[in-house]
Amino acid sequence: MTAEVEVVAAGELNRYADGIRDVYARAFAAPPWNEDPAQADHYAERLARDARRPGFTAAVATADGAVTGFASAWTTPEAFPADRSYGQVAEALGPGRTRAWLCGALEVNELAVAPEAHGAGLGAALLHAVTGPAPDGRCWLLTSVRAEAALRLYERAGWRRVDAPVPGKAALVVLLGPRHPGRVEAGAGAEGGDR
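Start counting the sequence shown at 38; every next residue gets the next number (my numbering).
Derived from the structure by calculation, the hints contain no laboratory data.
Just so it is clear, the structure is predicted and the values come from calculations on it, not from any experiment.
Straight-line C-alpha distance at most 25 Å; calculated DMTMM-like pairs for lysine to aspartate or glutamate:
hint : residue 1 : residue 2
1    : K206      : E128
2    : K206      : D73
3    : K206      : E72
Generate coordinates for the entire structure from the input sequences, incorporating the hints supplied.
Structure representation (structure tokens):
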């Protein structure tokens, strides 16, 4: 299967909505996410709203006209959010590092590849497509340490784990992109830095 990855404008996402929903349902039904396939409908609704965020970008992988993967990202607001897992991230990093590393940076929100397309390099290509234009290389993402395959992908692509565990049951970890200026300090230990 030969797939093609392209950056897609927010207004063009509707063309891929059914395929994105399908890939999301299949990718996140497996451990460690174990999401009910109905969650894909909620994601599709959220994606339509997210497409209006400042700095929104998306990429879609297709093969023979079918969506085989997607990624989305946006600029994290200067006033760091408190909903979803953001509050836990801010608690882990402290206000100084949260502001310096994440606010105004490109945040990878979702990345998913259809199970049958794993191992073809699509995850890395999608990640690069949405983070390539990150301002000053400042991009970040949040995932679970239980998502071992995803962590291997990110680390092979040059992403670095922040050495500050995110509190909560999901076992989340923040990763900084390969050109992020905070990468060196990120692995310096949770005790250092502005907490």
